[in-house]
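Protein chains in written order, with the working numbering: chain A, 1 to 279; chain B, 1 to 328; chain C, 1 to 270.
Where hints are given, some of them may not hold.
DSSO-like mimics (lysine-lysine), calculated; alpha carbons at most 30 Å apart, straight line [claimed, not checked]:
{"hint": "1", "chain 1": "C", "residue 1": "K258", "chain 2": "B", "residue 2": "K76"}
{"hint": "2", "chain 1": "C", "residue 1": "K253", "chain 2": "B", "residue 2": "K11"}
{"hint": "3", "chain 1": "B", "residue 1": "K139", "chain 2": "A", "residue 2": "K89"}
{"hint": "4", "chain 1": "A", "residue 1": "K51", "chain 2": "C", "residue 2": "K52"}
{"hint": "5", "chain 1": "C", "residue 1": "K258", "chain 2": "B", "residue 2": "K218"}
{"hint": "6", "chain 1": "C", "residue 1": "K11", "chain 2": "B", "residue 2": "K139"}
{"hint": "7", "chain 1": "B", "residue 1": "K19", "chain 2": "C", "residue 2": "K253"}
{"hint": "8", "chain 1": "B", "residue 1": "K218", "chain 2": "B", "residue 2": "K231"}
Chain C is faced by these chain B residues, among others (derived, beta-carbon under 7 Å) [what the hints assert, rightly or not]:
{"hint": "9", "residue": "S57"}
{"hint": "10", "residue": "R82"}
{"hint": "11", "residue": "Q110"}
{"hint": "12", "residue": "L111"}
{"hint": "13", "residue": "G113"}
Keep in mind the hints are simulated off the structure, nothing from the lab. Being a predicted model, the structure only gives us computed values, none of them experimental. Where is the CB? At the ideal position from N, CA and C, for every residue including glycine.
One-letter residues, chain by chain:
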Amino acid sequence: MNFLRYIASSMRIGIYHDLSWTNPMLSIMLRAVYPYSSIMTSCLIFTVGSKAASKFTDVGLLYVMIGAFLYMHFASYAWVPTLAIGEGKNLFVFQYIIITKASSKFYLAGRTFSSFVVSILTATIGFILSYITMGSIVGHFPQLSLGPYSVVSIFAISLLNIPASLGLGYILASYALYASKFEWALPAYIAGMIMILSGALFPVTLLPYPVSFVAQYIPFTEFIRAARDVLLYSNMSDFLLSITTGFAGGLILLLIGYFVYEYSEEKARKVGALDRRLA
Amino acid sequence: MARNLKLVAEKITREFEVKGGRITALYNVNLSAWEGEVLGVLGPNGAGKTTLIRILSTLLLPTSGSAKVMGFDVVKEPEKVREVINMASGAERSGYDFISARKNLWFFSQLYGIPGDEANKRIEELAEELSFKEYLDSKFYSLSTGYRQRVTIARAFINRPSVVFLDEPTIGLDVMTAMSIREFLKRKARDERITILLATHNMPEVEAICNRVAIIDKGRIIAEGTPEALKNTLTLCAYAIEIKPIPVNLGFLESVEGIKGYTMKADSQRGTATLQVVLEDEELLETVLFFLSKNGIRVLNTWRKEPTLEEVFVSYVGRGFGERESES
Amino acid sequence: MKPGIWLRVMKGRMMVRIWSQFGEYLWIISNIGFPLLTSLSFALLYSSVGLKSFTGFAVLGGIMVSFWGNVIWSMASQFNWDKQEGLFEIYLVSPAPMSAILIGMSLGGIIGTAPSAVLVGISGYLLFRPEFSVSSVPALILTFVLTLASIYALGMMLSSLYLAYGREAETLNEVIQEPISMLSGVYFPSTGSLSPFPVAVQVLASLIPLTVGMDALRKVLFFSGDNSSVALNEFTLLVMAVILLLLSLRILKILEEKGRRDGTLTVKIS
Ligand SMILES: Nc1ncnc2c1ncn2[C@@H]1O[C@H](COP(=O)(O)OP(=O)(O)OP(=O)(O)O)[C@@H](O)[C@H]1O
Ligand SMILES: [Mg+2]
Chain A
1 MNFLRYIASS MRIGIYHDLS WTNPMLSIML RAVYPYSSIM TSCLIFTVGS KAASKFTDVG
61 LLYVMIGAFL YMHFASYAWV PTLAIGEGKN LFVFQYIIIT KASSKFYLAG RTFSSFVVSI
121 LTATIGFILS YITMGSIVGH FPQLSLGPYS VVSIFAISLL NIPASLGLGY ILASYALYAS
181 KFEWALPAYI AGMIMILSGA LFPVTLLPYP VSFVAQYIPF TEFIRAARDV LLYSNMSDFL
241 LSITTGFAGG LILLLIGYFV YEYSEEKARK VGALDRRLA
Chain B
1 MARNLKLVAE KITREFEVKG GRITALYNVN LSAWEGEVLG VLGPNGAGKT TLIRILSTLL
61 LPTSGSAKVM GFDVVKEPEK VREVINMASG AERSGYDFIS ARKNLWFFSQ LYGIPGDEAN
121 KRIEELAEEL SFKEYLDSKF YSLSTGYRQR VTIARAFINR PSVVFLDEPT IGLDVMTAMS
181 IREFLKRKAR DERITILLAT HNMPEVEAIC NRVAIIDKGR IIAEGTPEAL KNTLTLCAYA
241 IEIKPIPVNL GFLESVEGIK GYTMKADSQR GTATLQVVLE DEELLETVLF FLSKNGIRVL
301 NTWRKEPTLE EVFVSYVGRG FGERESES
Chain C
1 MKPGIWLRVM KGRMMVRIWS QFGEYLWIIS NIGFPLLTSL SFALLYSSVG LKSFTGFAVL
61 GGIMVSFWGN VIWSMASQFN WDKQEGLFEI YLVSPAPMSA ILIGMSLGGI IGTAPSAVLV
121 GISGYLLFRP EFSVSSVPAL ILTFVLTLAS IYALGMMLSS LYLAYGREAE TLNEVIQEPI
181 SMLSGVYFPS TGSLSPFPVA VQVLASLIPL TVGMDALRKV LFFSGDNSSV ALNEFTLLVM
241 AVILLLLSLR ILKILEEKGR RDGTLTVKIS
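This is chain A alone, in the form it adopts within the complex (with noise of 0.2 Å):
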């Protein structure tokens, strides 16, 4: 069980490094400021753009603000490892971790892990302060189905989400392993195409025929569906079918992940890729 050890110290290098900017608190407050102005951004576009073609609803609102919360989410811990690599690297701790008996495969879950409570705290905090800022600009505060129920169950959507942000986490990460450039550009990459592909903000219909089908079918989507079928449509049956299907996605997702980043740091290795060159 020496590897749960590993991961476990890889989350309080995580924690540490996340929270490490001020006080704990304080840093959480200022983490939460992207998540607040990104779900922002997205409800006021609509707020915008609805109101001037006569067809605003608070169901569309409260649509769009979830679907920005948790895309927020996802992308925000599965850019964990790609950031962790590149800045390992600049550095020159990167080889070091690389060279220990465990793989580096547990430092990346373990940080990407630690992530995912930072994240789940911050953009929490986001979607709520969102949600009233939003009642204050249109006026009332538009109706969400919440609940002891409801809470546990987007919980438990975004616990089961976590293959599925590791997974894509390693395929990123692979890239990472032989660059020593533009690695920092991923992240952005992946919180846009999370953002165009998991229905975030509009219906994945809107996309283009072949898109649109792959789109549907990605575990990001089942999930920001299922968190729909909670808070907006209190809709049970719908629920359980989207987090099952994006639950087996998410661990078909992890399992390429997995093999893709064991070959490329294999193939990494072979380039000498693994570290910065000490000048």
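Start from chain A and add chains B and C with the ligands according to the hints.
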């Protein structure tokens, strides 16, 4: 001020506020350098060399005292001083990673407003003199430590400065590279009459290129002169004594009257150590040997040493560079 | 100061920036991701509520966000990075005027970002064919130039300010980037009759140069705007740019003096 006096520092003191008090990095430092002179500032880690360079190059204000470079006051006229100086530090090797050495140098020349053709000519010349011509068009990040350092040195001369400050310019370089950089510096001072202030803790470097040297310890200049003169004033005698086993403590030597100082280098592989002592009188060697054997230390070999700057330092400070650095 | 040195320093700093960006042609791919994908999503969001005519806002937003990202990540954090690398002290011990360095850095940044901004614009246009009506091309160009001038001047100010903060600067950068682009209405009108914000927030937002610039750009691009109100925006942008530039020079001077006193101008190496 004499016409060819390029650098004068008077009673420079610099203190730093640190946790738990203040430390005096420099105390009453007086210094001067003439045109075309390489002035060494020699001292162990933490002696205050970098602090001195930062003050003279306008990056730091002294707590008290004053200094003039080319007649301009470093405290009150930093802009004028900056027109005529340049500097480089061996610890930094600065440059923009993703552009070539040539383009980096061109950029730095523009900071001095040097016209394009002239700049290109100087870059070629400097690359030739410092033998990195074949790397001029390599990206900066791809250069090895030694070549990056050559580029850094070239940068420090790109504006034909009157006074150049160099902080450990050959630190971390192999012997050959260090030697060629030293030759370059020597030529620049001799042929182009550039004044170079060279801070280092490398004694052979000082002996190789400095016309004059100021030895600095704990922020104070403790001796100054040409390396030769400094060594000649050393009327004291220096001995090297090879001993076994490596002693843990040589404190007992301090009680011996007439020992000006000592320093020890251990060879842990062979289990021996070389003890260098500076004595007021050669008779005293007997006493030292006696004390050693009394403390259970076997003497393998003893010989008289030609004095080097190390002995000069030891005779003033009582201890060697090595011990000074491990103290702090 | 010798005449000509200002221009040389400015050009030198600009070229360094351009070379480091164009030396890597992949750069453009990495630069374009965020603005392109977000503006695509927002354009789709506008069309999902049945408002094809607003997709132009999203495309324009993508173009301007490219520059805004460059301001935040390449201007604002630049001096701090320069200082870490030991480059900042080289500027200081040279006679180079800081204003030339700041402006050179900005021009280089603008030229380096232009290709990705153009690509975002072209892709957005081809995908959504947003409608726009430009009444005066010179007005459009002037507005665009002044908007860039004022947001890069903000970048200069931040860059100088961050020098005082050291590594925490990056944190602040991450914190302010998103809220500023939200408040300043990069993707939707945050001031004026279409704004969802209450008046107090609109006034606050108008203090940010990006807000004034976006508002003006939308007026000239989509509403063949009435000239007097655009002129007011343009004048405001100009004033903001000048004030921010002067402010950052002032901050740099103060920091330099403070740094010389306290010994904080260099990162201590040994
Ligand atoms: N900014 C600073 N704040 C506090 N103390 C400082 C600062 N700069 C230097 N010091 C202290 O001043 C003393 C002299 O330092 P300095 O760097 O000048 O020594 P040095 O001779 O260059 O040493 P080295 O050979 O290690 O480079 C040291 O004790 C150092 O810790
Ligand atoms: Mg030093």
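Status of each hint after checking the structure:
Restraint check for C:K258 and B:K76: satisfied, since their Cα atoms lie roughly 14 Å apart, inside the 30 Å limit. Distance hint between C:K253 and B:K11 is fulfilled; the C-alpha atoms sit about 27 Å from each other, no more than 30 Å. Between B:K139 and A:K89, the direct Cα distance comes to roughly 19 Å. Compliance with the 30 Å bound is thereby established for this hinted pair. The straight-line distance between the Cα atoms of A:K51 and C:K52 is roughly 13 Å, inside the 30 Å bound, and the hint therefore holds.
Our distance criterion of 30 Å between C-alpha atoms is met by C:K258 and B:K218, whose separation comes to about 25 Å. Simply put, C:K11 and B:K139 have alpha-carbon atoms about 20 Å apart, close enough for the 30 Å limit, and the pair holds. With a C-alpha separation of about 27 Å, the suggested pair B:K19 and C:K253 falls inside the 30 Å cut-off, and the hint holds. Distance check on the hinted pair: B:K218 and B:K231 sit about 21 Å apart at the alpha-carbon level, within 30 Å; holds.
Given the 7 Å rule on beta carbons, the hint for B:S57 holds: about 5 Å separates it from the nearest Cβ of chain C. Taken as an interface hint, B:R82 checks out: its beta carbon lies about 5 Å from the nearest beta carbon of chain C, inside 7 Å. Taking 7 Å as the C-beta cut-off, the interface hint given for B:Q110 holds, the closest approach to chain C being about 3 Å. Checking B:L111 against chain C: minimum C-beta separation of about 4 Å stays under 7 Å; hint holds.
Look at B:G113: its Cβ gets to within about 3 Å of chain C, closer than 7 Å, so that hint holds up.
In terms of the numbered hints stated before, the structure departs from none.
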